[in-house]
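Asker: Residue numbers (the working numbering), protein chains in the order written: chain A, 3 to 256; chain B, 9 to 357.
Since the hints were derived computationally from the structure, they do not count as laboratory data.
Careful, some of the hints might be misleading.
[Stated by the list, open to error] Straight line, CA to CA, 30 Å or less: simulated BS3-like cross-link-like pairs of lysine-lysine:
1. B:Lys286 x A:Lys89
2. B:Lys161 x B:Lys115
3. B:Lys217 x A:Lys89
4. B:Lys217 x B:Lys15
5. B:Lys301 x B:Lys175
6. B:Lys79 x B:Lys115
7. B:Lys15 x B:Lys79
8. A:Lys89 x B:Lys79
9. B:Lys175 x B:Lys189
[To be verified] With the Cβ distance kept under 10 Å, some of the chain A side facing chain B (calculated, not the full set):
10. Ala82
11. Arg85
12. Thr92
13. Ala150
14. Pro154
15. Ala155
16. Glu157
17. Glu158
18. Arg161
19. Gly164
20. Pro177
21. Leu178
22. Leu184
23. Thr234
Glycine residues also receive a C-beta, built at the ideal position from the N, C-alpha and C atoms.
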Amino acid sequence: MLIAANVLILLYLLAPIIVVVATAFTATAYPVFPPQGFTLRWFQRFLGMSEFTDAVQRSALLALVSALFAGMLGTFSALALGRWRFKGHTAVSAVFLSPILFPTIVLGLALLVFYSRIGLSGSFTGLVIAHSVLTTPFVVRLVMASLAEFDPAVEEAARNLGAGWWRTFLQVTLPLIRPGVLAGLVFAFIVSFDELVVTLFLAGPDMTTLPIRIYTYVEFASDPTISAISTTLIFAWMLIGIPVYSRFLSIKHH
Amino acid sequence: MIDLELKKLTKAYGTTLAVDDVSLAVETGELIAFLGPSGCGKTTTLRMVAGFIAPSMGEIWVQGRDITLLKPNHRDMGMVFQSYALFPHMTVDRNIAFGLHARGVPKAEIAPRVALALELVGLSDFGARYPRQLSGGQQQRVALARVLALRPKLLLFDEPLSNLDAKLRVQMRHEIRGLQKEVGITSLFVTHDQEEAMTIADRIAVMNKGRIEQIGTPSEIYDNPHTRFVADFIGASNLIDGHVTGGRFITSGGLQIPFIPSQAADGQPYVLSIRPEKIEIGDARAAAVLSGKVTRVLKLGGLIEYAVALPSGETLVLHQQDRAGVNPRALGDDVTLAWRPEDSRLLPT
Numbered sequence: 003m004l005i006a007a008n009v010l011i012l013l014y015l016l017a018p019i020i021v022v023v024a025t026a027f028t029a030t031a032y033p034v035f036p037p038q039g040f041t042l043r044w045f046q047r048f049l050g051m052s053e054f055t056d057a058v059q060r061s062a063l064l065a066l067v068s069a070l071f072a073g074m075l076g077t078f079s080a081l082a083l084g085r086w087r088f089k090g091h092t093a094v095s096a097v098f099l100s101p102i103l104f105p106t107i108v109l110g111l112a113l114l115v116f117y118s119r120i121g122l123s124g125s126f127t128g129l130v131i132a133h134s135v136l137t138t139p140f141v142v143r144l145v146m147a148s149l150a151e152f153d154p155a156v157e158e159a160a161r162n163l164g165a166g167w168w169r170t171f172l173q174v175t176l177p178l179i180r181p182g183v184l185a186g187l188v189f190a191f192i193v194s195f196d197e198l199v200v201t202l203f204l205a206g207p208d209m210t211t212l213p214i215r216i217y218t219y220v221e222f223a224s225d226p227t228i229s230a231i232s233t234t235l236i237f238a239w240m241l242i243g244i245p246v247y248s249r250f251l252s253i254k255h256h
Numbered sequence: 009m010i011d012l013e014l015k016k017l018t019k020a021y022g023t024t025l026a027v028d029d030v031s032l033a034v035e036t037g038e039l040i041a042f043l044g045p046s047g048c049g050k051t052t053t054l055r056m057v058a059g060f061i062a063p064s065m066g067e068i069w070v071q072g073r074d075i076t077l078l079k080p081n082h083r084d085m086g087m088v089f090q091s092y093a094l095f096p097h098m099t100v101d102r103n104i105a106f107g108l109h110a111r112g113v114p115k116a117e118i119a120p121r122v123a124l125a126l127e128l129v130g131l132s133d134f135g136a137r138y139p140r141q142l143s144g145g146q147q148q149r150v151a152l153a154r155v156l157a158l159r160p161k162l163l164l165f166d167e168p169l170s171n172l173d174a175k176l177r178v179q180m181r182h183e184i185r186g187l188q189k190e191v192g193i194t195s196l197f198v199t200h201d202q203e204e205a206m207t208i209a210d211r212i213a214v215m216n217k218g219r220i221e222q223i224g225t226p227s228e229i230y231d232n233p234h235t236r237f238v239a240d241f242i243g244a245s246n247l248i249d250g251h252v253t254g255g256r257f258i259t260s261g262g263l264q265i266p267f268i269p270s271q272a273a274d275g276q277p278y279v280l281s282i283r284p285e286k287i288e289i290g291d292a293r294a295a296a297v298l299s300g301k302v303t304r305v306l307k308l309g310g311l312i313e314y315a316v317a318l319p320s321g322e323t324l325v326l327h328q329q330d331r332a333g334v335n336p337r338a339l340g341d342d343v344t345l346a347w348r349p350e351d352s353r354l355l356p357t
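Bound conformation, chain A alone (with noise of 0.2 Å):
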């Protein structure tokens, strides 16, 4: 019964995945399910076309900075937070993990106001530190989680032991918080590589990210093409992340 369940559970959520794996191979030149024929033509179109190849480098390397960024400002944030208690500390972690709360929308519009004036708008630069603000609250969560898990006391005895704030933190917090800092990286890179709300009002021309130009792409065109590019990224994902996943991330007791 409850294995049953499950198998329908799992279905439901992979459904979705399913057909659009399963379109990406179709012969019609509209995306149908189930697919009609075996074809690689909308991966081969996919790759020719260099408005999408440069938007995933772009994409791939906006998420890969702004998550370098969130998770090094994360990090260091959270052992702020988990380690040290001061006045108006609950005040504080609340407005650290707010842009999770608030509609991207909203902070589109006004990052958008806000870098007009600073002459942000457009760059590179800027959409970096708007992805970063997206994406450090999910990495300030998974250290804090991470801290918690382990005895304050072990960087007290390092302290104790002669060793300075920076090689305490280099040799014993950050490998006991490694899988906090993973998770987050992982989760940050994604979140910024799959954004579409706030890139919209901050990119410039030349800088269309991969879920803009799919989003323009589907407003004029609707062949298989972005099938291909989805089911590229599911077997990305698969080939690279789950890997990594179950090699860092998975919760370890000791």
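Using the hints, position chain B against chain A.
Answerer: Just chain B now, with coordinates in the frame of chain A:
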């Protein structure tokens, strides 16, 4: 020689004083136990010495140098934690080498010093293990080796045995004391366990509400408590409120007790303190000075504990050795009580 000196050390949190004007001089090689109930300020004091908490007032001097403002990593002390605080991602060897690296010990010296420290605690074959592969007692030995390898100026113990089971605790107590004597490093040992403090320390500082109530050798503390708190906290004691008139102690219940030390000042209120093992129990006699009725009998291993209700309403607890030839009493027996005047103490109220 004085190795460690605390001068009017004070820590305030808002308006509450966690540590209140603590002064203390510790001789080289001495082991001082800080003993007191939770919240008495003993751990805060230790953490100020370690440098994890900044004092609100006062100074800490180590070997003639004021270290009050020094960072914890520059204090050259070795701390052993209740939770062991081993680095879970490092092997035993690397745990011990960590401090040596951090303190800039030459590379060639590190491996031999790690091996020596492990030998000292009897864990020579465990260098390649991870902390999680060791028992609690072994982990605490590694924590000990980790600080001993540094040959620090001071050893700090923060309830190091509280996480161990009773038998192991007693064994580790002797091991720690043995090692501390062997290396001769001045030590502070925080504990809430009075038996632990009595057996491990050269001197005990009994703390209460942020202050040191009394400091002295274990036998001084036990035999000559200066305050009601110390008499009550260390061992068991019967404490009776009253005052002295004409060389006799009049309890607040109105009973006259003649067995008191002679130095008492007439008319003064006092607390009479008498240890349970100092009271002798006898058969009821008409001429008895102190008589009462047995209201409780408990067998505590080799001792029998009686509670005896006095006619004035006060109850005294006493211990009797349980061996052949003693006359055991039963519930409801009428008995007499007596003790030598020099075994009782009159304490300020």
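Asker: Next, verify each hint and record whether it holds.
Answerer: Against the structure, the hints:
| no. | hint | verdict |
| --- | --- | --- |
| 1 | B:Lys286 x A:Lys89 | violated, 54 Å |
| 2 | B:Lys161 x B:Lys115 | holds, 22 Å |
| 3 | B:Lys217 x A:Lys89 | holds, 25 Å |
| 4 | B:Lys217 x B:Lys15 | holds, 18 Å |
| 5 | B:Lys301 x B:Lys175 | violated, 38 Å |
| 6 | B:Lys79 x B:Lys115 | holds, 25 Å |
| 7 | B:Lys15 x B:Lys79 | holds, 18 Å |
| 8 | A:Lys89 x B:Lys79 | holds, 24 Å |
| 9 | B:Lys175 x B:Lys189 | holds, 22 Å |
| 10 | Ala82 | violated, 17 Å |
| 11 | Arg85 | violated, 12 Å |
| 12 | Thr92 | violated, 18 Å |
| 13 | Ala150 | violated, 15 Å |
| 14 | Pro154 | holds, 9 Å |
| 15 | Ala155 | holds, 4 Å |
| 16 | Glu157 | holds, 9 Å |
| 17 | Glu158 | holds, 6 Å |
| 18 | Arg161 | holds, 4 Å |
| 19 | Gly164 | holds, 4 Å |
| 20 | Pro177 | holds, 5 Å |
| 21 | Leu178 | holds, 6 Å |
| 22 | Leu184 | violated, 14 Å |
| 23 | Thr234 | violated, 37 Å |
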